[in-house]
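**Student:** Take a look at the letters that make up each chain.
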Amino acid sequence: MRPLTAAALVALLYVLHQDVWFWRDARPLVLGFIPIGLFYHAAFTAACSIVMWLLVKRAWPAHLE
Amino acid sequence: MIAAAVVFAYLGVALYIGVFASRRSRGGAGAEDYFLAGRSLGPAVFLLSLFGANMTAFSILGASGHAFANGIVTFGLMASSSALIIPVSLFVVGTRLWALGRRHGFMTPVQMFRDRWECAHIGTLIFAVQAVLLVPYIIIAVMGGGTTLAAVSNGRVPYWLGGAIVSLVVMTYVFFGGMRGTAWVNTFQTVLFLMFGGVAVAVIGAGMGGFGSAMESLLASPSTAPLLTRERVSPLYFFSYTFIPLSSIAFPHIGIFCLTAKRLGHFRKTVVLYPICMLLIWFPSVFLGLAANAAKDVPAIASKLEARSALAALSSPDRTTSANPEPQTDPATLATLRSRAAGDDVILRLVEGYAPLWLASLLGACVMAAVMSSDSQILALSTMFAEDVFTFYGGKERFGEAVQVVTGRVFVVLITLIAYVIALQVPQSIFDIATQYAFAGYASLSPLLVAALFWRRSTKWGACASTVWTALAVLAVAFIQQTIPAPPPGAAIEVWSAAGVNVITRTAQGALVLGMLPVVPMTVVSSLLMIVVSRLTARSAPGPATMNRYFDGEVSHRADSR
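Those sequence lines, one after another, are chains S and W.
Each residue of the first sequence is one higher than the one before, counting from 515 in the working numbering.
Each residue of the second sequence is one higher than the one before, counting from 672 in the working numbering.
Looking at chain S on its own, in the form it has when it is part of the complex:
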């Protein structure tokens, strides 16, 4: 993965963190009890892990070893 692609992925996540779209919504309650705004950020956190996995697989700075 090119450094620019990796940086773009991280920048995309950063933008997705500023989720103005669920700002004033509590519903739907996911699983009947999790407000949508909280569920979104929990899912975002899991997505961070997936993107980190991609970075580690495709853009690992192995030359530093």
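Take the hints with a grain of salt, since some may be wrong.
[Claimed, not checked] Under the rule of at most 30 Å between Cα atoms (straight-line distance), these lysine-lysine pairs were calculated in the DSBU-like manner:
1. Lys1067/W x Lys571/S
2. Lys933/W x Lys1067/W
3. Lys571/S x Lys940/W
Source of the hints: derived by calculation from the structure; they are not laboratory data.
We have chain S; now place chain W onto it with these hints.
**Tutor:** Then chain W, alone, in the frame of chain S:
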């Protein structure tokens, strides 16, 4: 008393692990072995101990207290932003720190700064600012230990004795175990945190009769429905919080932890799993803090909700104006109401109300683990003193490496004693503020790391300007916080305005600059100073030999990959 017994058992286990670790040190117990565990930590211990070093008492108690008062926004402000920024900073900066540490033998970030910019006293200045920003955490931990032991023993262990016991335990395993002991104890603590969250949610949810009805009851009331949204904070304020996690990699104890991995590959699991650890610990804390608003049948929580309603009534628009937000209320009444409404103990209260004794006992151990997270900070200060002061000013050359390690150990004892004495003398509120702005301070120091590792043209004078700015900005913000009392929630006091715009305001959450946390202007100005001053002092750039050590490998790698 069972809870107290479990907490004391926990302290015993932590002590045993830490002291036992000292037996695993390689013969001779040199400085690298004591301060960096011989750069030999495996992937699991590296992940869990580094994560544990980043977790403070705030992660369990403060996060749920913040969510109790502010709702779901807590998770977005503090957890999901950290889940992105911290792994990225470990990936980009942490791996390079590790490589340089291994190649050139660095044991602290200041050693690297001194070498990279060919400077001496500017390095000492950076050391001093870093050390001053770190000390309040150690004092807060002593206070937290005293308070927790007094609470779980129902006052049988007084505050002064509780603080002394916790200080003694931490000091002993750091003294004997060094980095290896600290890392192993942190690993144990992180496993405890990870176990507690899910269990607490399940047990408390069952006790409350299901969270679905609790959420519906919160949505039904106009005063609590906004807690399930983020409408009470502005998107700008929310955005400004994403600068706070930049502090993580700039904290000396995290930078030093990056040097302890045996192989670069150990960063892989840490980078990938860090967000999952954040989720497992922060989601239960925030959700339980939110759900506590529906636990009106728990008397201690009902009392907090009453106090909050009284505070809200005081700041209603018909009573206040922006120029005079507290027209009829004396400060003592406000302080009492704030203290009653504070939610840092809501998880403890939920557990008392709904969970069996064994869970309350486990929580007590978790809280103790959280407040004992000062171990890595004490060790970091000791490492910094031994390397950045004792060794740099000729102590190691004159007296040898064994004396250097002894000096580090003596420093561990001294800093613990000083922290304990201060903890008994000074009100906690002062250090709460100090720790709050230490995050902003370290975020503002993060441009130093980025410039040292990635920008060839950075100079020692750029680093000096950023450091001096950081120190002055932290002092200024702390001064505003201390001299202007917090208004009731929702109100704002104008501190400084220009051209009709409120530049600095004092709110219940703290000082704001243009509606953002001070960390944003602090970090932006620090970066600009690094760039502008480095450009102006380009002649003081390091010589080719130094530059080759830092950037030659990178250049040849790029050439190879073409």
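**Student:** Hint by hint, say whether it matches the structure.
**Tutor:** Going down the list of hints, with the structure as the test:
no.: 1; hint: Lys1067/W x Lys571/S; in the structure: violated, 42 Å
no.: 2; hint: Lys933/W x Lys1067/W; in the structure: holds, 25 Å
no.: 3; hint: Lys571/S x Lys940/W; in the structure: holds, 11 Å
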